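There are 2 protein chains.
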Amino acid sequence: MAPPPSTPAVSPLVSLIIRVLTFVSLLISVIVIATNNSYVGDTKFKFDDFYAYRYMLATGVIGIAYTLLQTAFTIFFVSTGNRIGGDGLAFVDFYGDKALSYLLATGAAAGFGLTVDLNRGGSNGFLNKANAAASLLFLGFIFSAISSIFSSLSLPKRS
Amino acid sequence: MAPPPSTPAVSPLVSLIIRVLTFVSLLISVIVIATNNSYVGDTKFKFDDFYAYRYMLATGVIGIAYTLLQTAFTIFFVSTGNRIGGDGLAFVDFYGDKALSYLLATGAAAGFGLTVDLNRGGSNGFLNKANAAASLLFLGFIFSAISSIFSSLSLPKRS
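Those protein sequence lines, which keep their order, are chains A and B. Quick note on numbering: the first sequence equals residues 72 to 230 in my numbering. Quick note on numbering: the second sequence equals residues 72 to 230 in my numbering.
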């Protein structure tokens with residue numbers, strides 16, 4: 072007989088809620104970054120004037136795509152009780168969640184790293200929005216780190 | 072009878088080598104950051120003029136302390152074959168390695184996030200050293216991420 076499939080360490084519903092929270096944080100963060108353009112004195116600044124903010128946007132967008140896919144899989148699991156891919160998928164989750172959480176951590180940190188020092192020239196609407204976007208991205212990172220802990224604990228037993 | 076203690080997923084020697092590589096990368100990175108002061112035109116810049124570089128230094132120093140401790144434990148394990156703490160320590164390793172790798176990722180990203188955009192004003196010796204330090208910190212992050220994968224795979228079997 073085949074060994075019983077590994078069971079996730081946490082309820083799939085909890086895992087789903089965390090993924091939805093990740094998705095929402097990233098979506099708002101991406102909207103805030105992408106719409107961030109305002110005048111500081113006479114100069115108009117846009118987010119894509121700075122490499123760090125472009126990188127933030129890129130990590131947010133990748134995060135949204137990945138989280139959507141994972142949410143779809145989890146909804147399928149919650150509604151049917153069948154896990155697509157079995158044990159193999161546990162490793163895909165493990166490495167995918169890990170990689171995504173690192174990506175989001177670097178995105179948020181790059182945004183903060185630039186904003187904090189630009190702020191010393193005096194805060195303004197543009198930098199405040201950049202800070203808000205980085206904070207939301209950081210929140211998305213926290214949720215994705217929780218997903219990553221869950222998927223580590225759900226790894227199949229070693230034989 | 073007590074259940075057999077969990078065995079690490081990778082040889083302790085490999086794990087030791089990765090920890091030593093983490094330590095060396097972080098040590099050089101910290102030295103490069105902390106000694107980074109040079110004239111750009113007539114103005115003298117020091118790393119602690121920028122919050123992002125101070126944060127980089129802080130993450131590097133915390134990383135060195137953590138890695139030293141883990142290296143000591145691993146050397147003890149390699150030389151005696153006894154794992155201090157048993158299964159409980161596997162979870163300490165898991166969460167500790169995860170937290171450290173996130174911390175180093177944010178340290179390197181914050182450094183890069185600032186440096187990349189400052190560089191657009193023209194590169195100079197100060198920024199080149201900052202870049203070198205961030206690259207080494209990033210290398211330290213890669214090694215710590217490998218340690219984190221190892222300690223995730225070494226988690227004790229769930230019953």
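Derived from the structure by calculation, the hints contain no laboratory data. Check before you lean on any hint, since a few could be wrong.
Cut-off 20 Å, straight-line C-alpha distance, at most; resulting in silico cross-link-like pairs (EDC-like, lysine to aspartate or glutamate) [said to hold, decoys possible]: (1) K115/B / D188/A; (2) K200/B / D188/A; (3) K200/B / D119/B; (4) K117/A / D188/A; (5) K200/A / D188/B; (6) K117/A / D188/B; (7) K115/A / D188/B; (8) K117/B / D120/A.
Every value quoted in this text rests on a predicted model; they were computed, and no experiment measured them.
How the hints compare with the structure:
1. Restraint check for K115/B and D188/A: the C-alpha separation of about 17 Å stays at or below 20 Å, so the hint holds.
2. For the suggested pair K200/B and D188/A, the alpha carbons sit about 18 Å apart, so the restraint of at most 20 Å is met.
3. A hinted pair counts as satisfied when its Cα atoms are at most 20 Å apart, and K200/B with D119/B qualifies at roughly 14 Å.
4. With a C-alpha separation of about 18 Å, the suggested pair K117/A and D188/A falls inside the 20 Å cut-off, and the hint holds.
5. Between K200/A and D188/B, the direct Cα distance comes to roughly 18 Å. Compliance with the 20 Å bound is thereby established for this hinted pair.
6. Of the pairs offered as hints, the one joining K117/A and D188/B holds, with about 14 Å between alpha carbons and a cut-off of 20 Å not exceeded.
7. A threshold of 20 Å between alpha carbons decides the hint, and for K115/A with D188/B the separation of about 17 Å falls inside it, so the pair holds.
8. A threshold of 20 Å between alpha carbons decides the hint, and for K117/B with D120/A the separation of about 26 Å lies outside it, so the pair is violated.
Of the numbered hints listed earlier, the single one contradicted by the structure is hint 8.
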